[in-house]
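Chains as they are written, first to last, in our numbering: chain A, 36 to 270; chain B, 210 to 623.
Some clues are possibly wrong.
[As the list claims (entries may be wrong)] The calculated label-pair distances, taken between Cβ atoms and stated as ranges, are:
(1) A:K247 to B:E623: 30 to 36 angstroms
(2) B:V605 to A:D168: 40 to 46 angstroms
(3) A:Q132 to B:V605: 39 to 45 angstroms
(4) A:K112 to B:A585: 33 to 39 angstroms
I should point out that these hints are in silico values taken from the structure, not numbers from a laboratory.
Bear in mind that the values here come from a model prediction, so they are computed numbers and not experimental data.
Heads up, the beta-carbon is just placed ideally off N, CA and C, and yes, glycines get one too.
The lines below spell out each chain.
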Amino acid sequence: MKQNSTLLHLENVWKIYKMGEVEVPALRGVTVNIKKGDFVVIIGASGSGKSTMMNLIGCLDMPSKGTIILKNQDISKLSESDLATLRGSTIGFIFQQYNLIPSISAFENVMLPLEFLEVDEKKAIERTKKILDIVGLSDKSHHLPTQLSGGQQQRVSIARSLVGNPEIILADEPTGALDSVTGRQILDMLHKLWKEEGKTIIMVTHDLKLAKYAHTRIELQDGKILSINQKSEVG
Amino acid sequence: MKLRKCLKHAFEMVVHSKLRSWLTILGIVIGVASVIAIMSIGSGMQESMNDQLGGLGGDILTLSAGFSRSSRMFGGGGPPGEGSSSSQATDEDDEPVLDKTDVQALRAIPDIEAIDTQISGTVDVSYLGKKGSVKLTGVDQKSWSRITTSEIKEGRMLDSADQNVVVIGEKLAESFFDKPVGLNQMITIEENVFRVVGILDDDGNGIYMPIQMAYQVLDDKENGVYDSIVIKIKNEDELEQVMNKTEEKLMLVRHVTEKTKDFSLSSSKLMEATRSEMMSSMSNFLVAIAAVSLIVGAVGIANTMFTSVLEKTKEIGIMKAIGARNKDILSIFLLNAGLIGLVGGFIGIILGIVMSALLPALMGETGMLRGGTFVAVNSIALALSASVLIGIVSGVVPAYQASKLKPVDALRYE
Numbered sequence: 036m037k038q039n040s041t042l043l044h045l046e047n048v049w050k051i052y053k054m055g056e057v058e059v060p061a062l063r064g065v066t067v068n069i070k071k072g073d074f075v076v077i078i079g080a081s082g083s084g085k086s087t088m089m090n091l092i093g094c095l096d097m098p099s100k101g102t103i104i105l106k107n108q109d110i111s112k113l114s115e116s117d118l119a120t121l122r123g124s125t126i127g128f129i130f131q132q133y134n135l136i137p138s139i140s141a142f143e144n145v146m147l148p149l150e151f152l153e154v155d156e157k158k159a160i161e162r163t164k165k166i167l168d169i170v171g172l173s174d175k176s177h178h179l180p181t182q183l184s185g186g187q188q189q190r191v192s193i194a195r196s197l198v199g200n201p202e203i204i205l206a207d208e209p210t211g212a213l214d215s216v217t218g219r220q221i222l223d224m225l226h227k228l229w230k231e232e233g234k235t236i237i238m239v240t241h242d243l244k245l246a247k248y249a250h251t252r253i254e255l256q257d258g259k260i261l262s263i264n265q266k267s268e269v270g
Numbered sequence: 210m211k212l213r214k215c216l217k218h219a220f221e222m223v224v225h226s227k228l229r230s231w232l233t234i235l236g237i238v239i240g241v242a243s244v245i246a247i248m249s250i251g252s253g254m255q256e257s258m259n260d261q262l263g264g265l266g267g268d269i270l271t272l273s274a275g276f277s278r279s280s281r282m283f284g285g286g287g288p289p290g291e292g293s294s295s296s297q298a299t300d301e302d303d304e305p306v307l308d309k310t311d312v313q314a315l316r317a318i319p320d321i322e323a324i325d326t327q328i329s330g331t332v333d334v335s336y337l338g339k340k341g342s343v344k345l346t347g348v349d350q351k352s353w354s355r356i357t358t359s360e361i362k363e364g365r366m367l368d369s370a371d372q373n374v375v376v377i378g379e380k381l382a383e384s385f386f387d388k389p390v391g392l393n394q395m396i397t398i399e400e401n402v403f404r405v406v407g408i409l410d411d412d413g414n415g416i417y418m419p420i421q422m423a424y425q426v427l428d429d430k431e432n433g434v435y436d437s438i439v440i441k442i443k444n445e446d447e448l449e450q451v452m453n454k455t456e457e458k459l460m461l462v463r464h465v466t467e468k469t470k471d472f473s474l475s476s477s478k479l480m481e482a483t484r485s486e487m488m489s490s491m492s493n494f495l496v497a498i499a500a501v502s503l504i505v506g507a508v509g510i511a512n513t514m515f516t517s518v519l520e521k522t523k524e525i526g527i528m529k530a531i532g533a534r535n536k537d538i539l540s541i542f543l544l545n546a547g548l549i550g551l552v553g554g555f556i557g558i559i560l561g562i563v564m565s566a567l568l569p570a571l572m573g574e575t576g577m578l579r580g581g582t583f584v585a586v587n588s589i590a591l592a593l594s595a596s597v598l599i600g601i602v603s604g605v606v607p608a609y610q611a612s613k614l615k616p617v618d619a620l621r622y623e
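Required output: the full structure, derived from the provided sequences and hints.
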């Protein structure tokens, strides 16, 4: 996969949580550069700062110190509305627990990001059908999430992350709640998206075995980057 | 997110928390239904009062012997020209009466156009073997037709040459006896036979005859003593001045002061205004009580919305992660609250209309509700807009709270 310009840059990013009088740093001066089209895996033990880093990369949270540049925009300087639009159009989230809205069908869940982006309804429906077809769930589109298996729910979640055609897919332990066979299918799907669609994949995991799928491996320890390794040959 | 889509999600929120939503809606339903029912009772009473008093004419004064403000205020609901139940004219010396002296005094007032002396009582009447008791009013036939607001339906009014003739109410003519009484038919009143010369266009079963004939029929009435005197003034705009002038004149001829006053002079117009004011205050008081239940309903909505925000915190986080803006979340929750108000208001209005239709029957069609209840279109519009507004206002704080949730915190919420 060909890598292009910098898509996301973290410069000396700190995240400090206040626990009463005590300040607990979760990230300490992280600087990292993620290029467009990269497959990045962020690994580390529990409490290493993986989730905090994912929240910051996904613009779900703001750093205590430092700068995050996404698509040449400093996210801390964007208004709430602009940040929400940037998030919706640039980043697709895949969560460990799928995080689907339980009261609406798989189809409606997948179409939801397009509704927030105010995409024309006809186009949104076509796009949703296409994406559900890609993840192999056309026949289950009108099922509620509770009527689907874990693997199927995660595929709905992937479809939802892809429907807005974002440049970045941010996956937080995407196989954590799945059996090994289904987990492998999901990872293959992500790999295919990276290889064939040119998506930038950022995956957070504690499972070292999953690191083999990635092109870039960022290892965190105690809120600091321990190492950044890139495969010499892409793929 | 487009408003239509926000509305769709708000509707889904209502549908997917059925029990809680319906319980909240019930609170609004009770409030709105109470307001509608009470407003309809108020309007019905007002309508009924207008019907009763509307035809009296603003230029009519009624003079009765005896002094009782309260009896003037609510008693003798019947229009002048049909006698007054509160008159106290008797033949006993210590009881105040109305007589020719009063009439002469009134005639001396230039602002008075006509004077009708009246006596009344209950009499037995029969027609073709069928008997019954009705109210008889003896009137001064020379002025009665000028003063009364009743219209003639068939035949004619009484005139000065009339003796053994009567004018009867429409109900008496059409349905009181086995067969309808037509013009020029003879009816028997207390064993005297009278010819019907006119039928009034009203809903009454009263009988009107020349006062001199009435003295003969009503044994207990003393000749020259009147139960009431109905006065028509020349200029309606000078009603109060004429009333004051008349009272002063009467006090003079009757040798009484304000304290020892032995007569009552009432105006249907002033009576109507006083009653209307009292009715309006009473209606407002009742609506205020009903509004309390609406406030309770509003608190219910706020409570439901807060619970809903808590329950949906994670969903709010998910929505924000996939691109929802604060205003999208705000709109969804506000519309949700507004929908609860709208549905509650709509059902409340239907229930209120049903209640207002049943109330007269349940309350035994008491005097005040004789005219039934009346649901005004503006009270429906008011109730519906108030319920939606209450829904939205109650939802403002919870919706704002939801919209301000940080996505990272919301996603972490379990």
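Right, here's what the structure says about each hint:
no., hint, verdict
1, A:K247 to B:E623: 30 to 36 angstroms, "holds, 32 angstroms"
2, B:V605 to A:D168: 40 to 46 angstroms, "holds, 42 angstroms"
3, A:Q132 to B:V605: 39 to 45 angstroms, "violated, 32 angstroms"
4, A:K112 to B:A585: 33 to 39 angstroms, "violated, 56 angstroms"
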